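Q: For the sequence shown, this note's numbering gives the first residue as 29, with consecutive numbering after it.
Since the hints were derived computationally from the structure, they do not count as laboratory data.
Do not take every clue at face value.
[Unchecked claim] Okay, derived cross-link-like pairs now, BS3-like style, lysine-lysine, Cα gap no bigger than 27 Å in a straight line: (1) 82 x 34; (2) 129 x 92; (3) 34 x 51.
None of the values given here were measured: they were computed from a predicted structure.
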Amino acid sequence: GRFTQKQLIDGMLSEFIDWEEGKDQLREMGWGEEDLATLLNLELDSVSTAEMRKIIQYDLLTPKDVALWFRRRGHPPIESDWLAKFLEDEESQRIRLRIAKLALDAWDGAAETWSTVEAYLGAAHYTTQEQHLLFVEAQIRLIPKPEKAPTERSLTASQVGARYKSGILTRPEAETYLTALPYQADQIADFLDYYIPDVPKEEGPREVGAGVVGGLFKRGEITEAEFRIDLVMLDYEGWAVERLVTYYKPVEPKPP
């Protein structure tokens with residue numbers, strides 16, 4: 029079957045259809061020579077830069093064809109040649125930039141390892157001057173950035189509360205942050221009361237348990253009377269005291 033006019037022109041522009049053969053078929057469709065030239069130029073002019081970039085990427089047009097495309101857009105001949113060259117070289121330039129970024133990101137700052145980075149940059153056709161400038165950029169990247177102190181409006185209310193509760197912020201500091209959010213005075217008081225900092229409990233001396241004094245009694249380090257007094261002080265009484273005394277009573281060694 030025959031191609032439509034649009035399919036025919038697209039095939040000619042992408043060189044899937046021979047240019048002269050395509051023109052012959054357009055003539056058969058009734059296009060005269062002058063009209064034919066105008067039609068083809070209009071179709072070429074309708075190609076966007078992005079589309080032309082794809083056409084170049086797949087090597088469907090020669091640099092001369094691309095330069096003519098720029099000429100039809102009003103660029104002078106020399107400028108058209110340069111623009112065609114730049115457009116053709118865009119993809120390789122993007123790749124070179126990615127290589128440089130990866131190489132600089134991988135550098136650890138040691139002078140002896142810069143030679144490895146230089147090797148990659150040289151392979152990507154960076155000049156000596158460009159490599160030096162990239163080295164300066166890489167050194168600047170290694171300068172530690174000062175930590176930004178939080179501004180009065182850079183913290184949320186919950187963040188202020190958490191910092192106040194953990195002791196990072198004093199109450200006046202927390203009030204300043206909340207005022208900037210803005211919170212009213214009565215709201216601030218209620219809010220901070222909810223986040224009152226935890227006060228660590230002071231540990232007092234641990235109580236000696238019945239097991240400890242029982243062990244002393246069993247080993248003969250305290251008398252039964254002393255053991256009974258200790259049990260009473262530990263709130264044992266009556267039957268419980270008697271049972272513990274019996275349980276911990278020293279066992280007389282068997283005679284040989």
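Q: Take the hints in turn and mark each one as holding or not.
A: Each hint tested on the structure:
For the hint linking residue 82 to residue 34, the alpha-carbon distance of about 19 Å falls within 27 Å, and the restraint holds. With a C-alpha separation of about 33 Å, the suggested pair residue 129 and residue 92 falls outside the 27 Å cut-off, and the hint is violated. The straight-line distance between the Cα atoms of residue 34 and residue 51 is roughly 13 Å, inside the 27 Å bound, and the hint therefore holds.
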